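Asks: Below, each chain spelled out in residue letters.
Protein chains: 2
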Amino acid sequence: MSRLVCEKIKVEIMRYNLLKAIKMNTITVAISGGADSVVLLHALLQLREEHGFGVDACHINHNLRGAESDADEAFVRDLCKQFGIKLTVHSIDVKALQQKHQGIEEAARNARYSVFVKQAVTATAHTMSDNTETVLLNLIRGTGLKGLCGIPPVRTCGGDGNGIIIRPLLYCERSEIEEYCYEHGLSFVTDSSNLSLDFTRNKIRRTLLPLIKEINPSFDATVTRTCEILKEDSDFLEQSVTEIARKCSFDNGIKVESLIKYQKPLLTRIIMQFLSHNNISPSNRMVSQILELIEIGKGKINLQKHKFALIDDGILEIQTIFQNYRN
Amino acid sequence: MSRLVCEKIKVEIMRYNLLKAIKMNTITVAISGGADSVVLLHALLQLREEHGFGVDACHINHNLRGAESDADEAFVRDLCKQFGIKLTVHSIDVKALQQKHQGIEEAARNARYSVFVKQAVTATAHTMSDNTETVLLNLIRGTGLKGLCGIPPVRTCGGDGNGIIIRPLLYCERSEIEEYCYEHGLSFVTDSSNLSLDFTRNKIRRTLLPLIKEINPSFDATVTRTCEILKEDSDFLEQSVTEIARKCSFDNGIKVESLIKYQKPLLTRIIMQFLSHNNISPSNRMVSQILELIEIGKGKINLQKHKFALIDDGILEIQTIFQNYRN
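As they're listed, the protein sequences go chains V and U. Just so you know, we're using this note's numbering here: the first sequence kicks off at 257 and counts up by one. Just so you know, we're using this note's numbering here: the second sequence kicks off at 257 and counts up by one.
Bear in mind the hints are in silico, worked out from the structure with no lab data behind them. In this text, all values refer to a predicted model and were calculated from it rather than measured experimentally. Please note that the accuracy of each hint is not assured.
For chains that are exact copies, the list does not tell them apart, and a pair is met inside one copy or across any two.
[Stated by the list, open to error] Below, simulated DSS-like cross-link-like pairs (lysine-lysine); rule was C-alpha separation at most 25 angstroms, straight line:
| hint | residue 1 | residue 2 |
| --- | --- | --- |
| 1 | 517 | 561 |
| 2 | 402 | 503 |
| 3 | 356 | 487 |
| 4 | 264 | 520 |
| 5 | 503 | 266 |
So that you can see chain V by itself, here it is in the shape it has in the complex:
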């Protein structure tokens, strides 16, 4: 069984051409001290020689659970010493970073990503179960195709292509993780923050999923398969748009006339890519508003602090308030 985890990681490394992304770099394992991340670190250490990558680790102490947080940090320090690998610890005051209208979970995630973006390649220990929870969470809150594709196996967290994040355990089930720990005599901590940070995710994990698994005991594997099928569709649509985007060049805005010929699935994605190109993280609300703007043919709408979308003389542009004042 423990070989299976390594095999699955290898298959994923090949499937997503991760080594090309890694470019023979060092993979930094984000380690909480929980079973998933301990297994990930151990398995990548087994594979590093064969694949020619280096391994080190980072631990983020969110300082949300007092002495328990510090005990986890001490555990991770010991483990990395024992494995003989370099560890960087980032101590973060999440509560101080938390902004208005932001949950503690969101603030913690942002804090983690601000660490990851500075690293070449970070490996996180998300498993099949995390993917299932994410898909259900998105479905319950409302989503589109991308949200139903689940956790991406590879992504960048910087707009400039920096900070690659890989998830080599995304095809591993909880039982495989447990078996791996048992076979290799690995110890780990039980991360109690997992059980309290995100109320909705906990409710899904603890009450919804057990019920669903009474209907389909292989639900995690079923969702993984569904995500794969949807991801093929989603990637295909995204690629079609990337080709269109390359032709239009987003730097001087987009001619509204050139947009009208596209059907909604492409048009929506062109706008999303256009917003991302302008360093705006696109929401469904923004996209609907811009679609309305295109239909009217002129006007402007606020997108977020200091930034708005404007159609002027047949060109859709993103401007900052500063630019507007200057005009």
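Position chain U relative to chain V; hints supplied.
Replies: Chain U only, in chain V's frame:
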């Protein structure tokens, strides 16, 4: 509120260009006697003059609940008499029709569809709640993009485009149905078959959905919106394939060479349309097997009783065993 139901039906009639599909025909309302179908019948009667369609009704007695089934039939007969519309009753022995490896729910559905296919236009009373249940059911059992689009607002149940089924209540919530009944003093029966035929659907309705609605009380509306977004993507992909299919013409099989250039999302859908064109209801398993066949470039696989897919001399064809014996 009751006006809202009529308004929603009108919007749906316009949105999906149903009147064109109906071609000024008579709409036959499939009526069980439950609140949803009673509201549908009453609302369509209010709208018939304005839209210039006729309305009649059909009732299918599944004979699964003895005296209760007969009481429902009697209720529906009375109601239609009172509304002054023509009613056809189809009495079906579902248990006798049930085939090996077939659930009672599947046999009942097939029996209903064999009635609908003989009618020009059937209106069924599926609501937003039915759509939510269908999406969850598909997600739990495993699905692709189409399965997550939910219940189609318009479909045909015959391969030759006959037997149009429309679902004018797909955007109505349970509370609106109840309000409508109350305002118009409509009585209805409580269809106890709804609570027993499909074990999994019941479990979703009675235990899963109440939990999900603790997280998102507007979950039905959220799913409806997600289905709309997904349907745009799905329709776009299907249309792209229909254009390709028109060019290849499926009648003499498909040149494997011409298929290889397409990416998997299109290729999968071309194969699905090819199977449907050959009167085979496509399953994911069939499609994967044919994809493997295409990769190998030759061979044959059984699809279903008497029918198989074959690649011979670079052509993918569907043959019946009879044809094979003859060769």
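Asks: When no copy is named, should residue 402 and residue 503 be tagged within, between, both, or neither for a Cα gap of at most 25 angstroms?
Replies: within (24 angstroms within a copy, 31 angstroms between copies)
Asks: Up to 25 angstroms between alpha-carbons, please classify residue 503 paired with residue 266: within, between, both or neither.
Replies: Neither way: residue 503 and residue 266 sit 37 angstroms apart in one copy and 41 angstroms across, limit 25 angstroms.
Asks: Evaluate residue 517 and residue 561 at a C-alpha cut-off of 25 angstroms and name the case that applies: within, between, both or neither.
Replies: neither (31 angstroms within a copy, 45 angstroms between copies)
Asks: My question is about residue 264 and residue 520: at a cut-off of 25 angstroms on alpha-carbon distance, are they close within one copy, between copies, both, or neither?
Replies: between (38 angstroms within a copy, 23 angstroms between copies)
Asks: Is the C-alpha distance from residue 356 to residue 487 at most 25 angstroms within one copy, between copies, in both cases, or in neither?
Replies: neither (34 angstroms within a copy, 36 angstroms between copies)
Going down the numbered hints, you'll see the structure goes against 1, 3 and 5, while the others check out.
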